[in-house]
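**Q** Listed below, chain by chain, are the residues.
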Amino acid sequence: MDLSLTPDQETFRATVRSWLKTNMPREWKPTGSSEIPRAGQYDFLRRWQRTLFDAGYIGLTWPKEYGGGGLTFMEELILQQEMALAKAPPILNVLGVGMGGPTIIAWGNEEQKKRYPPKILSCEEIWCQGYSEPNSGSDLASLQTRAVKDGEHWVVNGQKVWTSFAHVADYMMLLARTDPSVPKHKGITYFLLDMKLPGVTVKPLRQITGEAEFNEVFFDNVRVHESQVLGGVNNGWAVGLTTLMYERLTLGFGLQMRLRIALEGLLELAKGMEKSGRVVTKEPVMRQKLAQLWIDTECLKYTGARAITKLLRGEMPGPEASTGKMAWVDTHQRLQEIAMEIEGPYSQLVKGSDWAVEGGVWAHSFLRSRANSIEGGTTEIQKNIIAERVLGLPKD
Amino acid sequence: MDFGFSQEQELLRSTARKFLENECTSGFVRARMEEPAGVTDEFWAKLAEQGWLGLIYPEEYDGTGLGFVDLTVLMEEMGRVVMPGPFFSTVLLGGLAIREAGSPTQRKEWLTRIAAGQAKATLAWTEPSARWDAAGVTCTARDDKGRFVLNGTKLFVPDAHLADAIVVVARTGEGKAEDGVSLILVPKATRGVQVKLLPTMDQTRKLCEVTFQDAAVPADALMGVKGKAWPTLARVVERATVALCAEMCGGAQRVLDMTTDYAKIRIAFGKPIGTYQGVKHKAADMLVDVENAKSLTYYAAWAVDENSPEAPLAASMAKAYVTDAYRKVAGAGIQLHGGIGFTWEHDLHLYFKRAKSSEFTFGDATYHRERVAQLINL
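First to last, the protein sequences are chains E and A.
Residue numbers for the first sequence follow the working numbering, so the first one is 1 and each next one is one higher.
Residue numbers for the second sequence follow the working numbering, so the first one is 1 and each next one is one higher.
The shape of chain E in the complex, shown without the other chains:
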């Protein structure tokens, strides 16, 4: 067991740190509250991702021939830690970098692997994820969007929902049913869908925060060329699962980083607020809650380090790799609840009020955090997966 870095890794850390010092965008004011880019920030975040890309700080673990850095998860971890320390902005193309690119690299043919990943990293092409449907959420394999073969094309009809970034996306990771006659997991195909194709309609979906960060996407006889199939016809379930696995691993680093930034923000908030005439951080019950948040946030880091160790040793990640999402959700939602508790009556005031604390950002991130236990696999589904795949309990 050794948590120290090699001289090369120390050099990498120092390089990243000094680069961030010079290149952190001046107009970025970390609020510490929200981990999800908001619509008004998209242009700024696109430029920021481009800056990171030009410096070689995106896709560190991807192979060099597909635009990545060819480095290990260790460098990725160091980068994320430094980003957290610097309270750096998030990237915009988070789904492309976290899920789309790795899946294409894992399953794509050479042409696909040369064509898509570099532009995902540079943020020239934004990706969204077309999995969930109005009638298929947790039971994803029951999805009904149909793709029917017609010559060299597949004709897609149906609807997706909760699609983040669809209104700005260039491509979608689309799961559609290509064979309804076989059991549900076996008739699904994974498509790389051009969002500009005729027949694709995006409708913003107003959510609990009042903003429209998600969308509904409708397909009306959309003709997708057969070259856009990823990983083979009717193999979409296996391909899609890769995406989810990467989502949990790589997004996991990022999530831990954003959580740490949010925690620092929360502690600052607590130091600046009073309850019954006493600074919040001096109040015994709040000290207990804040300390527990600190412990849980640190814990995610070390559980992540155990999982990375397995990867670096070339072993399969163990049980510790599957608990991350659940533990993160629990910690982050609790953090947001505590932010409301710290603000007390002020938590009711949102953007637009001069009295709102920090411009009402915490109210927004609090509301947004309700989605955490639903998006990317509900907590209930996560628990089923852990119980069945890790603990070996019988399937229903």
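Just so you know, these hints were derived from the structure itself, not from any lab.
Since the structure is predicted, the reported quantities are computational estimates derived from the model, not experimental observations.
Each statement offered as a hint is correct.
Computed list of lysine-lysine pairs in DSBU-like fashion (alpha-carbon distance at most 35 Å, straight line):
id, chain 1, residue 1, chain 2, residue 2
1, A, LYS226, A, LYS145
2, E, LYS87, E, LYS64
3, E, LYS395, A, LYS264
4, E, LYS395, A, LYS356
5, E, LYS64, E, LYS301
6, E, LYS184, A, LYS282
7, E, LYS395, A, LYS328
8, E, LYS301, A, LYS264
9, E, LYS87, E, LYS203
10, A, LYS282, E, LYS395
11, A, LYS328, E, LYS271
12, E, LYS21, E, LYS119
From the derived model, a few chain E residues whose C-beta atoms are all more than 12 Å from chain A:
id, residue
13, THR11
14, GLY69
15, LYS114
16, ASN135
17, SER142
18, HIS167
19, ALA212
20, ARG368
Ideal Cβ placement from N, Cα and C applies to all residues, glycine included.
Let chain E serve as the given structure and place chain A on it in line with the hints.
**A** Leaving out everything else, chain A in the frame of chain E:
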């Protein structure tokens, strides 16, 4: 970075598991619960033979010179079988205090004998006030013509009835401050020392009341500098706490294993109960608790080995988390077993009670969260 165990450590784990599964069966544990000793001479000799009693002591004292990460592996396995007996009190309390604060003569005399299985030791710290701070130390050691004369009562002293040496936390100065606290090595045979075994909920952990009534020891019984023992005590307790966390992780993992095994075979409404989501989700929660508990414990063990400035924080983070985790996991284990989990016959109650006794050893979760708050400057 490599945040995992080495091949040697994994080998230690498999050796320990095999040994303990053979030697420390449920039947053995239950027999020890019924008698005051909590250990047999034969079993103790075997622990010495394995080299485990001297695992963390330097080689010059016939130890193996290994670290806390190595010890973590062993403690996990011992917790897995709720191993009874004075291993923790001897190796991690009395022995570790002697290693940290003892004079070369004291070390030579006691550590070599502890490693060989010929002597047992413990630490007498807390008193009826049950405080963990310096103000809780009221037991006095009066300097009297080249001797120390001890007076006072110590409570919750593990295995004092078995110990040959008791390291006593006593006040050699006035007041309530950390300054003035000393460590005195008192052979139990000393006149004026009285030990009373206490009936306890967790019968695998024996606790005692120790009273000192004008118990006199020579001046060279003092360990370290007179009145300056508090930082050393804190260091010993911090290390023992990390080892305790590892033991708790092992116990929690075993409860999870027993529970998932049972959920696969116990039929209700025509199906194994593990099929039902009410059971699945609880089991998944248990796994999260167990894995997180390990992550924080492993980090703390590493921090202690490295003498990292973060070690006190790491130890408190671990104890706060692991305490809650073991209690929750042991409780959920009973719940998922149903009625059988509530019986004396089933082993679950051994773990449930060990979780509880460990909870209040060196501070509960609330105490350690407050320490975390202080250490992160809240």
